[in-house]
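Undergrad: Spelled out, the chains give:
2 protein chains.
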Amino acid sequence: MIALTRTDIDNMEKLYRINLINSCSGYKSANLIGTQSADGQTNVAVFSSVTHLGSNPPVLGFITRPTVVPRDTYENIKKTGFYTINHIYQDIIRDAHHTSASYPKEISEFDQTNLETKYRDDFHAPFVKGSHVQIGMRYLEEYNLEVNGTILVIGEIVQLHINNNILEDDGFINLAKAKTATINGLDAYAIPQEHARYPYQRPKST
Amino acid sequence: MIALTRTDIDNMEKLYRINLINSCSGYKSANLIGTQSADGQTNVAVFSSVTHLGSNPPVLGFITRPTVVPRDTYENIKKTGFYTINHIYQDIIRDAHHTSASYPKEISEFDQTNLETKYRDDFHAPFVKGSHVQIGMRYLEEYNLEVNGTILVIGEIVQLHINNNILEDDGFINLAKAKTATINGLDAYAIPQEHARYPYQRPKST
Numbered sequence: 007m008i009a010l011t012r013t014d015i016d017n018m019e020k021l022y023r024i025n026l027i028n029s030c031s032g033y034k035s036a037n038l039i040g041t042q043s044a045d046g047q048t049n050v051a052v053f054s055s056v057t058h059l060g061s062n063p064p065v066l067g068f069i070t071r072p073t074v075v076p077r078d079t080y081e082n083i084k085k086t087g088f089y090t091i092n093h094i095y096q097d098i099i100r101d102a103h104h105t106s107a108s109y110p111k112e113i114s115e116f117d118q119t120n121l122e123t124k125y126r127d128d129f130h131a132p133f134v135k136g137s138h139v140q141i142g143m144r145y146l147e148e149y150n151l152e153v154n155g156t157i158l159v160i161g162e163i164v165q166l167h168i169n170n171n172i173l174e175d176d177g178f179i180n181l182a183k184a185k186t187a188t189i190n191g192l193d194a195y196a197i198p199q200e201h202a203r204y205p206y207q208r209p210k211s212t
Numbered sequence: 007m008i009a010l011t012r013t014d015i016d017n018m019e020k021l022y023r024i025n026l027i028n029s030c031s032g033y034k035s036a037n038l039i040g041t042q043s044a045d046g047q048t049n050v051a052v053f054s055s056v057t058h059l060g061s062n063p064p065v066l067g068f069i070t071r072p073t074v075v076p077r078d079t080y081e082n083i084k085k086t087g088f089y090t091i092n093h094i095y096q097d098i099i100r101d102a103h104h105t106s107a108s109y110p111k112e113i114s115e116f117d118q119t120n121l122e123t124k125y126r127d128d129f130h131a132p133f134v135k136g137s138h139v140q141i142g143m144r145y146l147e148e149y150n151l152e153v154n155g156t157i158l159v160i161g162e163i164v165q166l167h168i169n170n171n172i173l174e175d176d177g178f179i180n181l182a183k184a185k186t187a188t189i190n191g192l193d194a195y196a197i198p199q200e201h202a203r204y205p206y207q208r209p210k211s212t
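In the order they appear, the protein sequences are chains P and L. For the working numbering, add 6 to where a residue sits in the first sequence, where the first one is 1. For the working numbering, add 6 to where a residue sits in the second sequence, where the first one is 1.
Simulated from the structure, these hints should not be mistaken for laboratory data. On a predicted model such as this, the values are computed, not experimentally measured, just so you know. Some hints could be false.
Pairs involving identical chains hold if they fit within one copy or between any two copies, as the list cannot separate such chains.
Using 30 Å as the maximum straight-line C-alpha spacing, the simulated DSS-like pairs for lysine-lysine come out as follows [said to hold, decoys possible]:
hint, residue 1, residue 2
1, 183, 85
2, 183, 84
3, 111, 183
4, 20, 85
5, 210, 124
6, 185, 85
7, 135, 185
8, 183, 210
9, 124, 111
10, 20, 183
11, 210, 185
12, 84, 210
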């Protein structure tokens with residue numbers, strides 16, 4: 007085992023530290039967040055921090071860094087109140103990753119990639135066509151994290167679209183069947199091929 | 007595609023909704039959090055919500071529900087200030103999952119499974135022996151999420167132990183090489199076999 011102290015980490019070359027600390031939390035979710043500004047400019051961006059916060063009410067959170075560069079996603083959510091979360095899967099990884107490029111606000115990542123918008127009824131934000139799980143979200147609240155100035159954005163699920171083939175009888179969404187991606191660190195995408203489910207655990211009798 | 011409205015979700019049978027909403031954020035990190043109470047009682051518990059919050063300073067967060075059942079992990083962290091985050095990998099999935107059973111405070115999950123403590127210097131909390139990434143954490147701050155009463159617990163990395171074989175030249179930790187697990191929903195564990203890394207993205211010239 008290599009043992010690194012906090013001083014070692016603080017003294018690392020910047021990119022080395024970013025790679026290391028981004029990998030050390032384990033695998034991450036791989037999602038595209040879709041938004042549209044009040045005047046109709048669309049935006050889609052890759053996020054690896056979408057996290058389940060609770061099922062009743064159904065709420066998800068994600069982390070954003072509004073101070074580093076202009077964050078169209080965050081601004082659109084704050085101004086319109088709505089956004090979509092769409093799973094990244096094998097066929098769209100390259101395009102999904104490209105949305106991390108820093109485009110000016112007036113250029114839509116939907117136009118710079120093969121990713122396509124899908125609109126549903128009067129929901130303001132665009133979904134990502136073809137994604138096996140597409141979630142319509144409404145902004146609820148946010149927390150400014152004192153430690154580093156990032157923001158935890160929390161929203162509630164208002165609609166949920168799932169490919170029939172990956173939804174199992176007990177509500178479980180089979181991510182392996184959808185070839186859903188997971189992210190390792192900053193820039194690595196993996197497609198888990200299979201999984202095992204384990205039963206609900208009770209204490210062993212002693 | 008199956009389309010579910012918010013009303014559909016709110017009216018679901020409870021376990022169905024828990025399975026569904028827990029799967030819909032995508033793959034999750036799979037970690038064991040190790041703690042020790044002030045009087046020496048150890049605890050280890052599986053968490054799927056550990057999230058990278060930032061690299062400089064190196065900070066990670068996780069979500070806990072202190073109101074549902076007694077949460078030894080949270081209490082120990084609050085009283086002692088220290089905890090460990092340890093990656094779950096293929097060989098320990100069954101034992102890691104068993105730590106979700108509800109044991110009374112005076113019983114250590116380390117005694118009820120084949121998981122073993124590993125102590126380092128004078129660090130108060132036990133690491134999980136054999137885990138390829140073992141992180142020593144110090145509690146920093148927490149946020150009570152109004153929407154559902156869960157708590158985001160934030161800590162800083164104070165020491166980081168990594169298996170030499172999985173640390174690459176640029177700081178990237180190769181999770182596939184370590185047979186690191188990722189969690190789908192409440193109870194499914196997958197081991198991604200490989201991944202592809204993609205370069206840093208710049209806007210396409212138009």
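Undergrad: If a hint holds in the structure, say so; if it doesn't, say that too.
TA: Status of each hint after checking the structure:
1. When the C-alpha separation of residue 183 and residue 85 is checked against a cutoff of 30 Å, the pair qualifies neither within a copy, at 36 Å, nor between copies, at 43 Å.
2. Proximity of residue 183 to residue 84 under the C-alpha cut-off of 30 Å is found in neither arrangement, the shortest distances being 34 Å within a copy and 40 Å between copies.
3. In this homomeric assembly, residue 111 and residue 183 never come within 30 Å of each other (Cα to Cα): the closest approach is 35 Å inside a single copy and 39 Å across copies.
4. Proximity of residue 20 and residue 85 under a CA criterion of 30 Å is satisfied in neither setting, with 34 Å inside one chain copy and 34 Å between copies.
5. In this homomeric assembly, residue 210 and residue 124 come within 30 Å of each other (Cα to Cα) only across copies, at 23 Å, whereas the closest approach inside a single copy is 49 Å.
6. Taking CA atoms no more than 30 Å apart as the test, residue 185 paired with residue 85 passes in neither setting, with 33 Å inside one copy and 43 Å between copies.
7. For the homomeric pair residue 135 and residue 185, the shortest alpha-carbon distance inside one copy (15 Å) is at most 30 Å, but the shortest distance between copies (32 Å) is not.
8. Taking identical chains as interchangeable, the C-alpha atoms of residue 183 and residue 210 are never at most 30 Å apart, the minima being 33 Å within one chain and 32 Å between chains.
9. Taking CA atoms no more than 30 Å apart as the test, residue 124 paired with residue 111 passes inside one copy only; the shortest distance there is 20 Å, against 50 Å between copies.
10. With identical chains, the CA atoms of residue 20 and residue 183 are at most 30 Å apart between copies only, with a shortest distance of 24 Å across copies and 37 Å within one.
11. In this homomeric assembly, residue 210 and residue 185 come within 30 Å of each other (Cα to Cα) only across copies, at 27 Å, whereas the closest approach inside a single copy is 36 Å.
12. For the identical chains of this complex, residue 84 and residue 210 are inter-copy neighbours only, at 28 Å across copies versus 49 Å inside a copy, given an alpha-carbon limit of 30 Å.
Taken one by one, the earlier hints fail for this structure at numbers 1, 2, 3, 4, 6, 8, listed in ascending order.
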